[in-house]
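Take a look at the letters that make up each chain.
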Amino acid sequence: MVVSIKDGLKLIGVTIICFCAVYVCTFMLNYYIDVKPLGADITDERLSALYSAQIAMAKFTSIITGSVLGVIAAVMLVFYVKLYIDGRARQLGIIKAMGYSRIKIALGFWVFGLSVFIGCALGFAAGWASMDMIYGSMTIDGVGVISPSFHAWLMFALVFAPAAVFTALACGYACFALRRPVMQLIRGASKVRISQSGKDEKSEKDRKFLTEMSLKTLGSKKLLVFFVAFSCFCFSAMVQMGLSMEDLTSDTMGYMILAIGLILAAVTTVMSVTSLINSNAKNIALMKAFGYTKTQRTLSVFGGFIPFAFVGFAVGTGYQYGLLKIMVNVVFADVAEVPDYNFNVPVFFITLAAFVVCYAAAAAAYSVVLNSFSVKKIMTEN
Amino acid sequence: MIIAKNVCKSYNGTQVLKDVSLEIADGEFAVILGASGSGKSTLLSVLSGLEKADSGSICCNGTQLETLDDDGLTAFRKREVGFIFQQYYLLPHLNVDNNVKLGASLAGNKAYRQIIEAVGLKDKLKSSPAALSGGEQQRVCIARALAKNPNVLYLDEPTGALDEATGREVLDYILKLQHEKGFTMIMVTHNVNIADTAETVIKMNSGKITEIYKNSARKNAYEIGW
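Line order of the protein sequences matches chains A and B. Sequential numbering of the first sequence, starting at 1, is according to our numbering. Sequential numbering of the second sequence, starting at 1, is according to our numbering.
It is worth saying that the hints were derived from the structure and are not from the lab. None of the hints are false.
From the derived model, a few chain B residues whose C-beta atoms are all more than 10 Å from chain A:
#, residue
1, S55
2, E66
3, K124
4, L132
5, G135
6, G160
7, A165
8, L175
9, K208
10, Y213
11, Y222
12, G225
What follows is a set of in silico ranges between Cβ atoms, one per label pair, in the way DEER data are often shown:
#, chain 1, residue 1, chain 2, residue 2, range
13, B, A130, A, E212, 34 to 40 Å
14, A, V368, B, K181, 53 to 59 Å
15, A, S4, B, G72, 27 to 33 Å
16, A, I5, B, G182, 36 to 42 Å
17, A, T274, B, K5, 47 to 53 Å
All C-beta atoms in this analysis are idealised placements derived from N, C-alpha and C, irrespective of residue type, glycine included.
With these hints in hand, go ahead and build the complete structure from the sequences.
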């Protein structure tokens, strides 16, 4: 009753991430389960090493993809629930004032689990649809053609269990967030930390106003800093990994990693920037009314995030290099024909250029939205 | 019966209520009158159990509010209290029927549609809040509050966001419903004219009650100035 199904389905970002995670885990785990029993029959030493490497890669990829994307989906879900509660604090406050307990209100947040269920179900279906192609690309010469078998428990583990866990997470976090006193919810007051020390005030005076505003925006949106950095991390890591893996894996796998990276980067960018713009709409409208230029207004919102975007990119570069190095040197250590892997400098520069172009284009597109706000429209909104 | 004794409340070191004491009888309509910042809304919050007072005691129909924790206050509000605020805060995705049901389901009130009819919204049952005028939205709030059969109805500037004609209409509904159902009603307002419709007027200034008086002759919503 508190949250509509339409609201629950707005978590398209969570749906997409769950889709990606379950998609990869479905065929990787299914492959692992189907191929694992064949190990006992392989006597050839070279085949055995290749088989072990394939099994290890399937397991490794599932664990990494499932856990990393699962954590990100969980963080995004909590973030959405927080945004929902903050955005509707007054309505929720009224309901609490009427005498509804926070547990009862929080149970209404079950609908947020729907987006997870849909993402997982579609991911599982897509994983199955591409199973034959994936099995074909992962065939081990000498072991024979393996056809995929359906495992009901895997469907439960990848579709129903995550949906249940994420539903519980949404309700649990809502219950925690609704601990705020009724009047604080009704007044829509949020915790704003204002510096009390004279030292800070002095240093603030020394800074330019726009720099100050940019830093304040940054300080009040720490979770968004993480998402902006994460989107750049995804772009950097997955694009470089996808383009650097041509000697290590099939083209299909490389394109898949590239596609997942781009989807993740796009989803997290859209989500974080949209949230950033919405939460700064009034400030921007006021700045516009006061006569600040378009560039000044855009920089006051986005400016503070630029260094973190490059940090995300740098960490992503290091991560993909480290991960591929580990895979080559540890996971595939016993496989004779695996080529050595070195840092791919041309791919790094191509990705960096693409990153700058893509994110500059996104910032330009969003600055159009940002500067379309009018004071009258914003201030008359309740 | 609501009895408050020596109630004090501060926010960030600023004392908003200073030793406030009052008594409101069952079925009485009291108006708390004061300028902005006089502490009237804070008094309403502590009397209704939305917030706890820092000191003093408040007894509402036999329940000592200062002894209750957050869950206890929630149960108290569920059992005793209805609210109408200046802003409507209806759930946008629920239609009129379901918004009122939100209050009714707390009290297990299956006859809540009679209240929707009483506030003149029988034809708007399936309308969404966005399709209603300000006055109609406030009437939904009235129905939502009354649908839980409260013993005490608290109103914080219920006509503050409405134009004169709609304000009078809404006030008229509220007064008629209070007269018919006989619940206790405490309304916060800065409008001195609205005070003429009440039985008891509690005047506040700078966190203190400066005067409490009874109106010898109450006026209706269409007899007062605006």
